[in-house]
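Colleague: Listed below, chain by chain, are the residues.
Protein chains: 2
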Amino acid sequence: MALVGVLGGMGPLATVDFMHRVICLTRARCDQEHLPMIVANLTRTPDRSRAIIDGGTDPLPALLDGIALLNRCGVDVIAIPCNSAHHWYAPLREHSAAPILHIVDASVAALPAGVRRVAVLATGGTLVSGFYQTALRARGFEPVMPGVAAQRDIAACIAAVKAGKIAASVRCLSRALDALARRDVGVAVMGCTEIPIAARALPDAPFALVDSTQELARATVAHAVERGWGRAV
Amino acid sequence: MALVGVLGGMGPLATVDFMHRVICLTRARCDQEHLPMIVANLTRTPDRSRAIIDGGTDPLPALLDGIALLNRCGVDVIAIPCNSAHHWYAPLREHSAAPILHIVDASVAALPAGVRRVAVLATGGTLVSGFYQTALRARGFEPVMPGVAAQRDIAACIAAVKAGKIAASVRCLSRALDALARRDVGVAVMGCTEIPIAARALPDAPFALVDSTQELARATVAHAVERGWGRAV
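Top line first, the protein sequences correspond to chains A and B. All residue numbers for the first sequence refer to our numbering, where the first residue is 8 and numbers rise by one. All residue numbers for the second sequence refer to our numbering, where the first residue is 8 and numbers rise by one.
Hint data in this document are derived by calculation from the structure and do not stem from the laboratory. Check before you lean on any hint, since a few could be wrong.
Any copy, or any two copies together, can satisfy a pair, since identical chains are not distinguished.
[Unchecked claim] The calculated lysine to any residue pairs, modelled on SDA-like cross-linking and capped at a C-alpha distance of 20 Å, are:
| id | residue 1 | residue 2 |
| --- | --- | --- |
| 1 | 172 | 208 |
| 2 | 172 | 240 |
| 3 | 172 | 54 |
| 4 | 172 | 58 |
| 5 | 172 | 210 |
| 6 | 172 | 40 |
| 7 | 172 | 98 |
| 8 | 172 | 32 |
| 9 | 172 | 39 |
| 10 | 172 | 75 |
| 11 | 172 | 116 |
| 12 | 172 | 36 |
Bear in mind the structure is a predicted one, so any value in this text is a computation, not a measurement.
Between the sequences and the hints, there should be enough to build the whole structure, so can you do that?
Modeller: Written as structure tokens, this is what we have:
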């Protein structure tokens, strides 16, 4: 029996959101046609963004423990619904028998053709690490970083989702998008899995939003379908 | 680090719903204050209701495998967000080092005082097994079984949720509740974790509904809080 592994808890609502999308993207008439998953919802993993930005506790040992646990459970592929954690993608991949899908590859591949300037909505850690900018430039896109005030709003949006304060998260995201709309942005990639939870409650957005949670879920189901583990809707 | 184990996938949407409720019932300002969980979303577990009613494949070996996997992961308590699986509670408990919370105990304890006749909304397997009726009578309640047509609607509601057809599930549930409303029912216990997913989209119900998913989530968070693993909202 093929098993999908999820290294989650970063944050827990984003993990639940990711699982929900995998279920909705799977064509199933009964429980048994859904994809079996082992989910390590490891909420105690030290803050990824803080570690990247200002030398907070290194989350790599906890991330490696999670990857080892999923491999011991016999998973055949691993998805990590946390963008910032992909700062450590190389060492995680190196220590995993199961392949690990890359959320940034999935998200950048989903960007519509014809746009050039792509805003990156992400944690400060993800922006400082720079892996979205590198992936975007490699595909011919021009990454647009939010200004200081907009980035403060995005960080507040993410923190609010992690604390379960969805209404507050939507207000912060809305302000950040309004600021970016004045900067000739064609599309934004929601490069943090908390942001789509806020965006879902947004009445409208000034430009298209590519959703990293949804794209990782699509990549997970596609991986499963290619190997005959299940079917896609 | 204390770990909550979840034996899920029965069905997967119900597992996601359960996780979501645990998260919402936990007081947390950041990821690290949420409860860590290991979730075995074992969708391939043979159908519990069919096994009880007409000798379908026995799910007990798969359930025991799931319990063993969670124990190997080091979980400190296990929740099973599937009522029908509790037909096998005794052998699962016997083979688990970690205690297993009982969804029926949690649900029956949440029934309001002052009502007598309690409708049981559940799979055919749960009704045939009879564990809800036993638990209700032990607490002085009179269990009310749906009639044949209403039970057919409840089974269809459950199957529709498992297939992701929420609108259809709501129509079936609504018809079943209307039929039960004509039978002097004071409250109904949603003794199948698919039913609350349909009930959430119901405009109104003719009587109060006790939600087994919510009560198991409350029991899980209470278990964690009593042991100092986290805080409740």
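Colleague: Could you run down the list of hints and mark each one as holding or not?
Modeller: Taking the hints in turn, this is what the structure says about them:
Taking identical chains as interchangeable, the C-alpha atoms of residue 172 and residue 208 lie at most 20 Å apart only when both belong to the same chain, with a minimum of 12 Å there against 22 Å between chains. Within a single copy, residue 172 and residue 240 get their C-alpha atoms only as close as 32 Å, which misses the 20 Å cut-off; across copies the closest is 13 Å, which meets it. When the C-alpha separation of residue 172 and residue 54 is checked against a cutoff of 20 Å, the pair qualifies only within one copy, where the shortest distance is 19 Å, while the shortest distance between copies is 38 Å. Proximity of residue 172 and residue 58 under a CA criterion of 20 Å is satisfied in neither setting, with 24 Å inside one chain copy and 43 Å between copies.
In the homo-oligomer, the alpha carbons of residue 172 and residue 210 lie at most 20 Å apart inside one protomer (17 Å), although the nearest pairing across protomers, at 25 Å, exceeds that limit. For a Cα distance limit of 20 Å, the shortest separation of residue 172 from residue 40 across copies, 15 Å, qualifies, whereas the shortest one inside one copy, 34 Å, does not. Within a single copy, residue 172 and residue 98 get their C-alpha atoms no closer than 33 Å, and across copies no closer than 41 Å, so neither meets the 20 Å cut-off. For the identical chains of this complex, residue 172 and residue 32 are inter-copy neighbours only, at 13 Å across copies versus 27 Å inside a copy, given an alpha-carbon limit of 20 Å.
When the C-alpha separation of residue 172 and residue 39 is checked against a cutoff of 20 Å, the pair qualifies only between copies, where the shortest distance is 16 Å, while the shortest distance within a copy is 35 Å. Taking the shortest alpha-carbon separations for residue 172 and residue 75, neither the intra-copy value of 33 Å nor the inter-copy value of 36 Å comes in at or below 20 Å. Proximity of residue 172 to residue 116 under the C-alpha cut-off of 20 Å is found in neither arrangement, the shortest distances being 31 Å within a copy and 30 Å between copies. Taking CA atoms no more than 20 Å apart as the test, residue 172 paired with residue 36 passes between copies only; the shortest distance there is 9 Å, against 35 Å inside one copy.
Hint compliance for this structure: hints 4, 7, 10 and 11 are not met, and every other hint is.
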